[in-house]
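Protein chains in written order, with this note's numbering: chain A, 354 to 702; chain B, 354 to 702; chain C, 354 to 702.
It is possible that some hints are incorrect.
The list makes no distinction among identical chains, and a pair is therefore deemed to hold if it is satisfied within one copy or across any two copies.
To be verified - Dumping the calculated EDC-like pairs for lysine to aspartate or glutamate here, alpha-carbon to alpha-carbon at most 16 Å:
| no. | residue 1 | residue 2 |
| --- | --- | --- |
| 1 | Lys431 | Glu445 |
| 2 | Lys600 | Asp634 |
| 3 | Lys431 | Glu534 |
| 4 | Lys670 | Glu445 |
| 5 | Lys631 | Glu668 |
| 6 | Lys522 | Glu425 |
| 7 | Lys600 | Glu381 |
| 8 | Lys431 | Asp388 |
| 9 | Lys522 | Glu548 |
| 10 | Lys631 | Asp482 |
| 11 | Lys631 | Asp601 |
| 12 | Lys554 | Asp564 |
| 13 | Lys554 | Asp565 |
| 14 | Lys631 | Glu484 |
| 15 | Lys522 | Glu484 |
| 16 | Lys600 | Glu585 |
| 17 | Lys631 | Glu694 |
| 18 | Lys600 | Glu484 |
Honestly, the hints are just simulated from the structure, not real lab data.
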Amino acid sequence: MFPRNAWYVACTPGEITNGPLGRQICGEPMVFYRDGSGAVAALEDYCPHRGAPLSLGRVCEGQLVCGYHGLEMGCDGKTVAMPGQRVRGFPEIRSYPVVERHGFVWVWPGNPALADAAVGIPDLTWARDPEWSFGGGLFRIACGYQLMIDNLMDLTHETYVHSTSIGQKEIDETPCTTRTEGDEVITSRFMNGIEPPPFWKMALRMNGLPDDQLVDRWQICHFSPPSHVLIEVGVALAGQGGHGAPKDVKVSSIVVDFITPETDTSIHYFWGMARHFKPDDAALTAQIREGQGKIFAEDREMLERQQLNLLHWPERKLLMLNIDSGGLQARRIIGRLIAAERDAATAAV
Amino acid sequence: MFPRNAWYVACTPGEITNGPLGRQICGEPMVFYRDGSGAVAALEDYCPHRGAPLSLGRVCEGQLVCGYHGLEMGCDGKTVAMPGQRVRGFPEIRSYPVVERHGFVWVWPGNPALADAAVGIPDLTWARDPEWSFGGGLFRIACGYQLMIDNLMDLTHETYVHSTSIGQKEIDETPCTTRTEGDEVITSRFMNGIEPPPFWKMALRMNGLPDDQLVDRWQICHFSPPSHVLIEVGVALAGQGGHGAPKDVKVSSIVVDFITPETDTSIHYFWGMARHFKPDDAALTAQIREGQGKIFAEDREMLERQQLNLLHWPERKLLMLNIDSGGLQARRIIGRLIAAERDAATAAV
Amino acid sequence: MFPRNAWYVACTPGEITNGPLGRQICGEPMVFYRDGSGAVAALEDYCPHRGAPLSLGRVCEGQLVCGYHGLEMGCDGKTVAMPGQRVRGFPEIRSYPVVERHGFVWVWPGNPALADAAVGIPDLTWARDPEWSFGGGLFRIACGYQLMIDNLMDLTHETYVHSTSIGQKEIDETPCTTRTEGDEVITSRFMNGIEPPPFWKMALRMNGLPDDQLVDRWQICHFSPPSHVLIEVGVALAGQGGHGAPKDVKVSSIVVDFITPETDTSIHYFWGMARHFKPDDAALTAQIREGQGKIFAEDREMLERQQLNLLHWPERKLLMLNIDSGGLQARRIIGRLIAAERDAATAAV
Numbered sequence: 354m355f356p357r358n359a360w361y362v363a364c365t366p367g368e369i370t371n372g373p374l375g376r377q378i379c380g381e382p383m384v385f386y387r388d389g390s391g392a393v394a395a396l397e398d399y400c401p402h403r404g405a406p407l408s409l410g411r412v413c414e415g416q417l418v419c420g421y422h423g424l425e426m427g428c429d430g431k432t433v434a435m436p437g438q439r440v441r442g443f444p445e446i447r448s449y450p451v452v453e454r455h456g457f458v459w460v461w462p463g464n465p466a467l468a469d470a471a472v473g474i475p476d477l478t479w480a481r482d483p484e485w486s487f488g489g490g491l492f493r494i495a496c497g498y499q500l501m502i503d504n505l506m507d508l509t510h511e512t513y514v515h516s517t518s519i520g521q522k523e524i525d526e527t528p529c530t531t532r533t534e535g536d537e538v539i540t541s542r543f544m545n546g547i548e549p550p551p552f553w554k555m556a557l558r559m560n561g562l563p564d565d566q567l568v569d570r571w572q573i574c575h576f577s578p579p580s581h582v583l584i585e586v587g588v589a590l591a592g593q594g595g596h597g598a599p600k601d602v603k604v605s606s607i608v609v610d611f612i613t614p615e616t617d618t619s620i621h622y623f624w625g626m627a628r629h630f631k632p633d634d635a636a637l638t639a640q641i642r643e644g645q646g647k648i649f650a651e652d653r654e655m656l657e658r659q660q661l662n663l664l665h666w667p668e669r670k671l672l673m674l675n676i677d678s679g680g681l682q683a684r685r686i687i688g689r690l691i692a693a694e695r696d697a698a699t700a701a702v
Numbered sequence: 354m355f356p357r358n359a360w361y362v363a364c365t366p367g368e369i370t371n372g373p374l375g376r377q378i379c380g381e382p383m384v385f386y387r388d389g390s391g392a393v394a395a396l397e398d399y400c401p402h403r404g405a406p407l408s409l410g411r412v413c414e415g416q417l418v419c420g421y422h423g424l425e426m427g428c429d430g431k432t433v434a435m436p437g438q439r440v441r442g443f444p445e446i447r448s449y450p451v452v453e454r455h456g457f458v459w460v461w462p463g464n465p466a467l468a469d470a471a472v473g474i475p476d477l478t479w480a481r482d483p484e485w486s487f488g489g490g491l492f493r494i495a496c497g498y499q500l501m502i503d504n505l506m507d508l509t510h511e512t513y514v515h516s517t518s519i520g521q522k523e524i525d526e527t528p529c530t531t532r533t534e535g536d537e538v539i540t541s542r543f544m545n546g547i548e549p550p551p552f553w554k555m556a557l558r559m560n561g562l563p564d565d566q567l568v569d570r571w572q573i574c575h576f577s578p579p580s581h582v583l584i585e586v587g588v589a590l591a592g593q594g595g596h597g598a599p600k601d602v603k604v605s606s607i608v609v610d611f612i613t614p615e616t617d618t619s620i621h622y623f624w625g626m627a628r629h630f631k632p633d634d635a636a637l638t639a640q641i642r643e644g645q646g647k648i649f650a651e652d653r654e655m656l657e658r659q660q661l662n663l664l665h666w667p668e669r670k671l672l673m674l675n676i677d678s679g680g681l682q683a684r685r686i687i688g689r690l691i692a693a694e695r696d697a698a699t700a701a702v
Numbered sequence: 354m355f356p357r358n359a360w361y362v363a364c365t366p367g368e369i370t371n372g373p374l375g376r377q378i379c380g381e382p383m384v385f386y387r388d389g390s391g392a393v394a395a396l397e398d399y400c401p402h403r404g405a406p407l408s409l410g411r412v413c414e415g416q417l418v419c420g421y422h423g424l425e426m427g428c429d430g431k432t433v434a435m436p437g438q439r440v441r442g443f444p445e446i447r448s449y450p451v452v453e454r455h456g457f458v459w460v461w462p463g464n465p466a467l468a469d470a471a472v473g474i475p476d477l478t479w480a481r482d483p484e485w486s487f488g489g490g491l492f493r494i495a496c497g498y499q500l501m502i503d504n505l506m507d508l509t510h511e512t513y514v515h516s517t518s519i520g521q522k523e524i525d526e527t528p529c530t531t532r533t534e535g536d537e538v539i540t541s542r543f544m545n546g547i548e549p550p551p552f553w554k555m556a557l558r559m560n561g562l563p564d565d566q567l568v569d570r571w572q573i574c575h576f577s578p579p580s581h582v583l584i585e586v587g588v589a590l591a592g593q594g595g596h597g598a599p600k601d602v603k604v605s606s607i608v609v610d611f612i613t614p615e616t617d618t619s620i621h622y623f624w625g626m627a628r629h630f631k632p633d634d635a636a637l638t639a640q641i642r643e644g645q646g647k648i649f650a651e652d653r654e655m656l657e658r659q660q661l662n663l664l665h666w667p668e669r670k671l672l673m674l675n676i677d678s679g680g681l682q683a684r685r686i687i688g689r690l691i692a693a694e695r696d697a698a699t700a701a702v
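With the hints as extra help, turn the sequences into a complete structure.
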């Protein structure tokens, strides 16, 4: 169960450079490619001729050509041509609203009439700000998307799962506060006068700041539907104002997490970090990406085994503690959206 | 769903040289071996003692001996002996009619009373003609057998799936004609005055014919039940009569495709080529087999992914275009045979 | 279906030396670890907070700490503490009676009120006798536990499955006798005046006895519920009394088989050999373990394929010959225990 009338990250532009890409999203096999104008198109990954996956074909002068018998498919889901055939009566396949923005391709699996590119795609200001730089990756994880949201909205897990990199005891010891603003959930934790963990020592040094002093550290997790989590993270030299400190005594980043359901129990997890320092240092981008990839891989086994446990004991309820309130409030919003879609579908019938 | 009262290729003789072979055919686990006289026998792969697969045993003086506790099974499905036991009351297992012919072992999974080796095994005259030579192989493919028949009865896919070897644009551009003669379906395509593709250039050279001239090319696909497809293929120097041209200006082969259902969604695919040139050139046989293996491997991903798509969208109907008429008529014949078997079974009850 | 009110081997002590161990037993995911006193504890492998498997955590000052968010679990299934939380109201998880004895960890998956460490754990006298030495291993096998009991209670399979090591024709030719004593089943076979097979020739040599003389060989299989099989094996120089011969003319061992159901169709198979000669020869222990591991691996394919056959033909009944009487009587006892548990459960409702 997922909201369908929503923008999900489908892929990165680099994944459709050399031909079509097949990917299952919200349970639907889709194919992504660039049409003749260079715009991204998204279709069912199904040739109306014999059911072959169009993603095994190629793009030829902007048309997606089926790799089995040469059917040419238009980006509206209508067959354009096929050698030796009249195609007017061919059944259409679904096309999906799709937008390329902020370095990602966004797809709308639900009712196309409701898709509005001006609403629902997060405004990633850092993606167009030259003072920022982004690096990231993609994991497939065999867990439901809500388990991943829970994970990211409760960072106390860092103390245990990521004890050697970004975890530290103070995360666990400092209460978080959670609030909901419209459809957004914000969980904040401020740890003042603490020792910076290894990642932040590195970041301080790279910005010409001392790494042997106490810092004020913050983590501000922003959930927005359907399943995006952006986390403001950073440290400032202690006592200078923390999150609000002047730029020259702090270092900050945004942990980027776009979680796209593949099925009910698996996700495409687009992760990355947008950093507000040394934006032109490509080696640093690569280094951070490698480190972050290792950290997020630590979550994978935990999430997949947690999912197996939940399938084994489907009747058991999860505890909802204060640390879980971010995930809980996100679940409430998601549940409300799913219910609204169901009600609208019922009303339409 | 497959016809059961039919001869299917079970294996090649080489597969039962060193002991029994276990193979599931039409959903039934079977064991194949040679009895004391050297004749092939086929039984359920099930020891009546404790259910062990007999194919894990060995053949001892013509008896199949279970590898678990030594039960000796006769080729009629009756237990012959077991150490320390009276076996008269042991339950019988099924034996299957089986014939070795034309370099293949043929099995009849249905009603043994209806099995007639004189009817239904294709007469492969090339298999006993010293002017011909055969080489082939075996793939297991996770697709239903009818998808493979479709594939072979519509060779326009060569233009797309096999563009670097046997495919060429003219296949796609030349209409085919399809007719049914009794239970046989024949789809023919004649392409006159075209450039020979790489495989046929090689074949022309090997026969002392020029490879830089236009040719007349033909493809004549013969389907016969339950699931055999034999394809006459060849080229003649242009304007000399094509398929009917004199022997010294043409080269020809037969593409051999015996498709044996393993389950509803998987097959044993026995493929090969019988060629009517250089029959004694073992190196050429090996070279063609390697090339053909690569070409048929190109179909595998397409067929397996097509099968997954059809399972994902079971309610969707495939289009039936003129190029699909060979497969369509084959499906009609298969459907009629299955219905007849069902009716006979109902009548018997 | 397995008896639940019974002691099963869960693991060896070495498996919980470096942290918790997750293992599914009788269909239940469990975690095993040592508490602060060094005693073994067994719990559901499920954190009551969010369902993470506790076996991915670590043991900290005797408490099992969840690796996800730091919940500290007590060995009674009650949460001890969690950073920043009041845990009094947390739901309990199941704890399992568990005993470390004879070099194994034993767990009781059923009603804890019925668990009595004084009843039902086999008394392995050799495990505390310095004249004996033990070596063994663990396999996971995809077959039901009763198939493995059948295997071990009918050693005629050695003639076929293990023909190159411990099998010999005389096993097959010599009838066995089977009797039930309470809940124990004993199947005995005595082969007098035979040539010793390779394993026993080696054992004779290692004990300074001739390996070129005829011997009296014995195999006495002891089944006890729920699924333990201990097999007295040995040879004595022929005519000296066989199993009862004086110690200086015989060599003997006990083949140890503890079979723990993982699911209905898979087992954890703890195998080994306790030998009554050269107990201090560690190299010999390693050598025997390696040889025995190879022998038991020969059973694995047979058992797994037999299981697949039984799943394919669920309606077929296995034959019950005289050689199967050990397994048959074991099945009767197991069936009686399962029925008694079911009746007790019904009565309780």
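Outcome of the hint check:
Taking the closest pair of Cα atoms, lysine 431 and glutamate 445 come within 16 Å of each other only inside a single copy of the chain (5 Å); across copies the shortest separation is 58 Å, beyond that limit. In this assembly of identical chains, the alpha carbons of lysine 600 and aspartate 634 never lie at most 16 Å apart, being 19 Å within a copy and 71 Å across copies at closest. In this assembly of identical chains, lysine 431 and glutamate 534 lie within 16 Å of each other by CA distance neither inside one copy nor across copies; the values are 42 Å within and 37 Å between. Proximity of lysine 670 to glutamate 445 under the C-alpha cut-off of 16 Å is restricted to the inter-copy arrangement: shortest distance 12 Å between copies versus 43 Å within a copy.
For the identical chains of this complex, lysine 631 and glutamate 668 are neighbours neither inside a copy (49 Å) nor across copies (55 Å), given an alpha-carbon limit of 16 Å. In this homomeric assembly, lysine 522 and glutamate 425 come within 16 Å of each other (Cα to Cα) only across copies, at 15 Å, whereas the closest approach inside a single copy is 58 Å. Taking the shortest alpha-carbon separations for lysine 600 and glutamate 381, neither the intra-copy value of 45 Å nor the inter-copy value of 54 Å comes in at or below 16 Å. For the identical chains of this complex, lysine 431 and aspartate 388 are intra-copy neighbours only, at 14 Å inside a copy versus 60 Å across copies, given an alpha-carbon limit of 16 Å.
For the identical chains of this complex, lysine 522 and glutamate 548 are intra-copy neighbours only, at 10 Å inside a copy versus 69 Å across copies, given an alpha-carbon limit of 16 Å. Proximity of lysine 631 and aspartate 482 under a CA criterion of 16 Å is satisfied intra-copy only: 13 Å inside one chain copy versus 70 Å between copies. For the identical chains of this complex, lysine 631 and aspartate 601 are intra-copy neighbours only, at 13 Å inside a copy versus 75 Å across copies, given an alpha-carbon limit of 16 Å. Taking CA atoms no more than 16 Å apart as the test, lysine 554 paired with aspartate 564 passes inside one copy only; the shortest distance there is 5 Å, against 71 Å between copies.
For the homomeric pair lysine 554 and aspartate 565, the shortest alpha-carbon distance inside one copy (8 Å) is at most 16 Å, but the shortest distance between copies (71 Å) is not. Within a single copy, lysine 631 and glutamate 484 get their C-alpha atoms as close as 8 Å, which meets the 16 Å cut-off; across copies the closest is 71 Å, which misses it. Taking the shortest Cα distances, lysine 522 and glutamate 484 never come within 16 Å of each other, neither inside one copy (32 Å) nor across copies (52 Å). With identical chains, the CA atoms of lysine 600 and glutamate 585 are at most 16 Å apart within one copy only, with a shortest distance of 15 Å there and 77 Å across copies.
When the C-alpha separation of lysine 631 and glutamate 694 is checked against a cutoff of 16 Å, the pair qualifies neither within a copy, at 44 Å, nor between copies, at 69 Å. Proximity of lysine 600 and glutamate 484 under a CA criterion of 16 Å is satisfied intra-copy only: 12 Å inside one chain copy versus 76 Å between copies.
Of the hints listed earlier, those the structure fails to meet are numbers 2, 3, 5, 7, 15, 17, in rising order.
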